[in-house]
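Take a look at the letters that make up each chain.
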Amino acid sequence: MKTVKHTLPFLALFFVLIFISSIISSCKSDKPEDEIKPVIDLKSEHGIYIINEGNFQFGNASISYYNLDDKSVVEDIYKQVNNQNLGDVCQSMSYINGWYYVVVNNSQKIEVLNPENFERRTSITGLTSPRYIIPVSSSKAYVSDYKSNRVSIINLNNNSKQGEIIIHGWTEEMYMLYGKVYITNMKNDKLYIVNAANDQLEDSLVLAQCPGSLVEDKNGKLWVLCNGDASINKSGALFCINPLNKSIEKRMDFVLDESPMRLSINDTHDTLYYINKHIYQVSVDANSLPNAALIDGSNKNFYGLSIAPKTGHIFAADAIDYIQKGKIYNYNSKAALINEFKVGLIPSKIYFK
Amino acid sequence: MQLKRLIFYVLFYLSLATQSQAQQDSVHLIDQVLIQAEVRVIHLHQGLKYETLDSTILANSLNLSAAEVLNRMSAVYIKSYGGGGLASSSFRGGSANHTAILWNGFNLQSPVTGMMDLSLIPSGLFNSMSLQYGGKSATWGSGAIGGAIHLQSKSKFNEGSSIKFFTGAGSFGEKSMLVSADYSNIKFSNSTKFYHSDALHNYDYTSLANEVQETRKLPNAKANQNTLMQENYFKIKENQLLETHIWLQENKREIPPTLFQQSSDAFQEDYAMRFTASYHRYFKLWNLNLRSAYFNEALKYRDSEFSKVAENKSQTYINEILMNRSIGRNIWILGANNTYAQSQSIEFSKLIPVQNKLALFSSFQYLNKKSNLIAVASVRKEWVNTTPVPLTWSLGVDYYITRWLKMKANAARVYRIPTINDLFWKEGGNQNLLPENGYAYEGGLMLMIPKNKKKYTLTLELTAFSRQIENWIIWLPNGAFWSPQNLMHVWSRGAETNTSYQYNGKRLKLFSNFKTSYVLSENTASALNSDASINKQLIYVPLYTGQFNYGITYKSATIMLNHTYTGYRYTSSDHSQYLLPYFLHNINVGYKIDFKKVNIEFQFQINNLLNNKYQVLAARPMPGINYKGGIVFNFKSNYGKS
Numbered sequence: 001m002k003t004v005k006h007t008l009p010f011l012a013l014f015f016v017l018i019f020i021s022s023i024i025s026s027c028k029s030d031k032p033e034d035e036i037k038p039v040i041d042l043k044s045e046h047g048i049y050i051i052n053e054g055n056f057q058f059g060n061a062s063i064s065y066y067n068l069d070d071k072s073v074v075e076d077i078y079k080q081v082n083n084q085n086l087g088d089v090c091q092s093m094s095y096i097n098g099w100y101y102v103v104v105n106n107s108q109k110i111e112v113l114n115p116e117n118f119e120r121r122t123s124i125t126g127l128t129s130p131r132y133i134i135p136v137s138s139s140k141a142y143v144s145d146y147k148s149n150r151v152s153i154i155n156l157n158n159n160s161k162q163g164e165i166i167i168h169g170w171t172e173e174m175y176m177l178y179g180k181v182y183i184t185n186m187k188n189d190k191l192y193i194v195n196a197a198n199d200q201l202e203d204s205l206v207l208a209q210c211p212g213s214l215v216e217d218k219n220g221k222l223w224v225l226c227n228g229d230a231s232i233n234k235s236g237a238l239f240c241i242n243p244l245n246k247s248i249e250k251r252m253d254f255v256l257d258e259s260p261m262r263l264s265i266n267d268t269h270d271t272l273y274y275i276n277k278h279i280y281q282v283s284v285d286a287n288s289l290p291n292a293a294l295i296d297g298s299n300k301n302f303y304g305l306s307i308a309p310k311t312g313h314i315f316a317a318d319a320i321d322y323i324q325k326g327k328i329y330n331y332n333s334k335a336a337l338i339n340e341f342k343v344g345l346i347p348s349k350i351y352f353k
Numbered sequence: 001m002q003l004k005r006l007i008f009y010v011l012f013y014l015s016l017a018t019q020s021q022a023q024q025d026s027v028h029l030i031d032q033v034l035i036q037a038e039v040r041v042i043h044l045h046q047g048l049k050y051e052t053l054d055s056t057i058l059a060n061s062l063n064l065s066a067a068e069v070l071n072r073m074s075a076v077y078i079k080s081y082g083g084g085g086l087a088s089s090s091f092r093g094g095s096a097n098h099t100a101i102l103w104n105g106f107n108l109q110s111p112v113t114g115m116m117d118l119s120l121i122p123s124g125l126f127n128s129m130s131l132q133y134g135g136k137s138a139t140w141g142s143g144a145i146g147g148a149i150h151l152q153s154k155s156k157f158n159e160g161s162s163i164k165f166f167t168g169a170g171s172f173g174e175k176s177m178l179v180s181a182d183y184s185n186i187k188f189s190n191s192t193k194f195y196h197s198d199a200l201h202n203y204d205y206t207s208l209a210n211e212v213q214e215t216r217k218l219p220n221a222k223a224n225q226n227t228l229m230q231e232n233y234f235k236i237k238e239n240q241l242l243e244t245h246i247w248l249q250e251n252k253r254e255i256p257p258t259l260f261q262q263s264s265d266a267f268q269e270d271y272a273m274r275f276t277a278s279y280h281r282y283f284k285l286w287n288l289n290l291r292s293a294y295f296n297e298a299l300k301y302r303d304s305e306f307s308k309v310a311e312n313k314s315q316t317y318i319n320e321i322l323m324n325r326s327i328g329r330n331i332w333i334l335g336a337n338n339t340y341a342q343s344q345s346i347e348f349s350k351l352i353p354v355q356n357k358l359a360l361f362s363s364f365q366y367l368n369k370k371s372n373l374i375a376v377a378s379v380r381k382e383w384v385n386t387t388p389v390p391l392t393w394s395l396g397v398d399y400y401i402t403r404w405l406k407m408k409a410n411a412a413r414v415y416r417i418p419t420i421n422d423l424f425w426k427e428g429g430n431q432n433l434l435p436e437n438g439y440a441y442e443g444g445l446m447l448m449i450p451k452n453k454k455k456y457t458l459t460l461e462l463t464a465f466s467r468q469i470e471n472w473i474i475w476l477p478n479g480a481f482w483s484p485q486n487l488m489h490v491w492s493r494g495a496e497t498n499t500s501y502q503y504n505g506k507r508l509k510l511f512s513n514f515k516t517s518y519v520l521s522e523n524t525a526s527a528l529n530s531d532a533s534i535n536k537q538l539i540y541v542p543l544y545t546g547q548f549n550y551g552i553t554y555k556s557a558t559i560m561l562n563h564t565y566t567g568y569r570y571t572s573s574d575h576s577q578y579l580l581p582y583f584l585h586n587i588n589v590g591y592k593i594d595f596k597k598v599n600i601e602f603q604f605q606i607n608n609l610l611n612n613k614y615q616v617l618a619a620r621p622m623p624g625i626n627y628k629g630g631i632v633f634n635f636k637s638n639y640g641k642s
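Residue numbers (my numbering), protein chains in the order written: chain A, 1 to 353; chain B, 1 to 642.
Hint data in this document are derived by calculation from the structure and do not stem from the laboratory.
Covered by chain A, according to a simulated footprint, are these stretches of chain B (three or more residues, beta-carbon under 8 Å):
#, stretch
1, 251-260
2, 525-536
3, 539-550
4, 564-572
Pairwise CB distance ranges, derived in the manner of DEER restraints:
#, chain 1, residue 1, chain 2, residue 2, range
5, A, N291, B, T387, 34 to 40 Å
6, A, N291, B, L434, 31 to 37 Å
7, B, L434, A, I40, 47 to 53 Å
8, A, Y95, B, S304, 27 to 33 Å
9, A, H168, B, Y439, 50 to 56 Å
All C-beta atoms in this analysis are idealised placements derived from N, C-alpha and C, irrespective of residue type, glycine included.
Please construct the entire structure, taking both the sequences and the accompanying hints into account.
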């Protein structure tokens, strides 16, 4: 019993010491290091803007600026200029009447920004789930939507919503040609055609499942990439459409497991590019899809693609695991890697100044 | 007689470990152990950290969900969307899928999602809540990797009838009510509980959705819950017992916008019907327990007025046989479990995906002659739709160096099989997924100083753990869809401390409990180039958390304080984004008045005393200072007591 009396306080002290020391010594700091924010200078003639979607519901969308002259990156320029977060899931950016229109999908808004300094001019609200905005006249624009079953009509004079066109499904990228607006739909296999003069849905073309992106080539033909949907056993395809008679001139099919996306075209409008895990290049004169990839995408997660005007440089965005800062790879026109740099979370769109 | 003595020993040690007042009640408990449900719940904690939540605090938490209670009282990290929103648990850096939630020994983890929403569990429905830290797949099967939450009911015989009525109200339009009616005679025991709560959760927050920050009330956050629980125990003969449990629940809630959303009209409904039956037969040296459960659950979610309703339903059938036999001082447990689950949703690639798990398991508990060493070894063999899962095992030891110093150690193989969502989700489900599996180790010391017999106890507990999980399932983009892949390899390790002091005087009672936890949980594998997440802390796992609870009861009045600290949590895997730490303070007061046939208890809480602004999940605002109050009426009749 005597030993008990002696050891007891000793043991108690011993434990207390262990506890205290474990608390102190285990102190690996959990405070993250904040990055030093560079001064914003958007004056360079040669710059690109990268839209970073950010995580759904995290509110961490951002726009990065990359200066091609000195290869510096400025992150989250919107927040630095306007002192607030851009919002939740930034989808796209369009240059309309001398302003940038930035569509922030899950914040249900479009920010109108001054291209000189990225200062906010106003925002367009009253939208459900906006995706892309396209001007259809000097005073009117269309906004596609993920879930409202409507394309919104925006009055560009006062930047407010003035009407809508009912189109069922998930409307995505749009392109205007000869007074007609071609609207893709990710929920079915249709390309919708709307008359921009009277906002009437005139016609639709049946393509393949999930038409998502579209470009115009040097011959005035419209190329539409359908992503396909393996879950309902429908494969994707690349279409060449003659907008004059609405006929399909070419169709090139992907196999079921592939999920092509992000159709892009170069400055001279003669070569198409797209992501299909890897990056592929195809001439507008080709009649079949290329077998070999231009840029290998193994161990990468290509999520965005854009071709630089004049130089023909290929800029590809890697979203990595979607929950860390993504990367932009800058390849020259021969697909040799020139530079790479980090941007915000989930980089998806790249725009040239 | 020997069995009884053994049970007494085990319970005695257990009670020390869990700081319950078993000593006073031990005679009582021996009676109860024969009728208490699950042999595995009682016997198999050796080597692991096990804690039973303080009953005084539970009694003052009738209008709190299990998520809120665990948040305040345990080292388990609760990821909550705030208000009435989804809440899931993370034990020692694990995911929500790594917590087994066991209702009287039946696993409630959804076969579809692999988790359970702890905000839907009213804590007032259970007699006790205990936490078992560490991996125990060999006993509880798939999912028991990080730890387990035990929700327990307790039968009482020959106590007459009693009625408890609680009514409460709180900030943000909260109203709650609990009615509990118990009746028991010598042979039969019945308990019926009904719980209702509804709230607006329209607390103030600063919306960042518009150009100008504005403080406004959280819209679209209403929640409404109705729960009925009915439990019966019937002594067929002296050596036979039948128990049935029914748990019906409906839950409707709106899902508010994030900080960056202008509005939301998302809406979710959860329905659950849970039935269990258990038959016990006690022989001279062994016991037989046949158990069955049927769970029918449904979830409906609507994202906006334009979108379709997303819906899934699941039915789970559990059949189990358990035998335990005493061999001298030792106990041998042998059992088989078949869990059949099916689910229906148009989001699945198969019409009705089915997952059938068949498991054989056995445990042996050894008690040495001096009664100061208890060891338990367990093995489990499981087949999922006839595909075998590698043999799982665990080995745990409790060694009492002296009466007041215990050493514990545990080693276990752990696993989790993929959920129905992982396998059959139409857009991306991956039927080639392998089970997550790995090894978990822990060891610790526990010092218990009982002085002056029952007056006060001081307990100090230190636990260190390490766990490696391979094939950790992560949903990653794979072309147009996200698809689950066995890509991560996660090493979690850390240390936990628990210091508690209790004084039980005649009029004055004191308690204090201080817990800290330090968890490093890092992914060590990636298939991606330039992946900056390697060897970095997983997102939403705080390195540091701590809870400090203390209180005084003097005669009929109780005052309790709670402080919880949660450190930085990263929200991006490269740590470029994170949430700030927060320190929360809650106060709880109660006053009891005893009348002859009724006692009345007044309870009042102030939560988030300093009105801190904080986020548990990114862009999800949490409530500021808020108040809750309630009155409990306990009506008793001693009918039947002789």
